[in-house]
Amino acid sequence: GENVEQHPSTLSVQEGDSAVIKCTYSDSASNYFPWYKQELGKGPQLIIDIRSNVGEKKDQRIAVTLNKTAKHFSLHITETQPEDSAVYFCAASITGNQFYFGTGTSLTVIP
Amino acid sequence: NAGVTQTPKFQVLKTGQSMTLQCAQDMNHEYMSWYRQDPGMGLRLIHYSVGAGITDQGEVPNGYNVSRSTTEDFPLRLLSAAPSQTSVYFCASRPNLGQGVYEQYFGPGTRLTVT
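Chains as they are written, first to last, in the working numbering: chain A, 40 to 150; chain B, 128 to 242.
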């Protein structure tokens, strides 16, 4: 099956700085790559996603880039705010039915 | 809409006991799924369903049973609980893929401890 690796496991940034989280995947057939944000005691919530026919997608301060050749994708958060502090998960899917998640990145934004 | 609801929020079981984790959604989503979340391991898919009467195994199905008799409900059954099943369980749903939407909506989770 698919294997998704995520780095770093923890990340601390100063408020206003940028944060970058990277994921790699093993199955070249994967074609959908979502990113989820999980706050303490809650379920994950989708923040942005990208399909394999697109190289980059932006939504305000959040962007995702995809490099199909290298089989990696990244989450970029600019102008970080304390409310961005959470655990972030990447995932990959081939069929849209089975999703394989990374191990998560705990992001702390220091005021 | 209540979205995806899960009950109970917390549960403690003894080894060998059985129980059912409940999951319901009111968004008329065809697809529903169950994940477990363990420290340092992210979320792992247990079982999923693409519609009433249709279920399939995910990455870690052993020790768990599911059935889907209605669109709204997707219960997860532990027949004989083991300490290795101590985890946080999340249910999720999403619309039919034919609608072009892949976004999954997660419930608040059930924290299960097996002693």
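These aren't lab readings, by the way, just hints derived from the structure by calculation. All residues carry an ideal CB built from backbone N, CA and C; glycine is no exception. Mixed in with the good hints there might be a few duds.
[As the list claims (entries may be wrong)] Covered, in the sense of this in silico footprint (three residues per stretch, anywhere, with C-beta under 8 Å from a C-beta of chain B), are these stretches of chain A:
{"hint": "1", "stretch": "102-108"}
{"hint": "2", "stretch": "138-146"}
[Stated by the list, open to error] Going by beta-carbon spacing under 8 Å, a handful of chain A positions derived as facing chain B:
{"hint": "3", "residue": "G40"}
{"hint": "4", "residue": "A68"}
{"hint": "5", "residue": "Y71"}
{"hint": "6", "residue": "D88"}
{"hint": "7", "residue": "P121"}
{"hint": "8", "residue": "F128"}
Against the structure, the hints:
Using a Cβ-Cβ cut-off of 8 Å, 0 residues of the stretch 102-108 of chain A lie near chain B, which falls short of the minimum of three, so the contact claim is violated. Coverage of a stretch by a chain is defined here by at least three residues with a beta carbon nearer than 8 Å to that chain's beta carbons; for the stretch 138-146 of chain A and chain B the count is 6, and the condition holds. For the restraint placing G40 (chain A) at the interface with chain B, the shortest Cβ-Cβ distance is roughly 7 Å, inside the 8 Å limit, so the hint holds. Among the interface hints, the one on A68 (chain A) is violated; its C-beta lies about 15 Å from the nearest C-beta in chain B, farther than the 8 Å criterion.
Here the hint on Y71 (chain A) is kept, as its CB sits about 5 Å from the closest CB of chain B, short of 8 Å. Satisfaction of the interface hint for D88 (chain A) is found here, the shortest Cβ-Cβ separation to chain B being roughly 7 Å, below the 8 Å cut-off. A distance limit of 8 Å between C-beta atoms decides the matter here; for P121 (chain A) the minimum to chain B is near 23 Å, and the interface restraint is violated. Contact between F128 (chain A) and chain B, as hinted, is supported at the beta carbon level, the nearest pair being about 6 Å apart and thus within 8 Å.
In terms of the numbered hints stated before, the structure departs from hints 1, 4 and 7, listed from lowest to highest.
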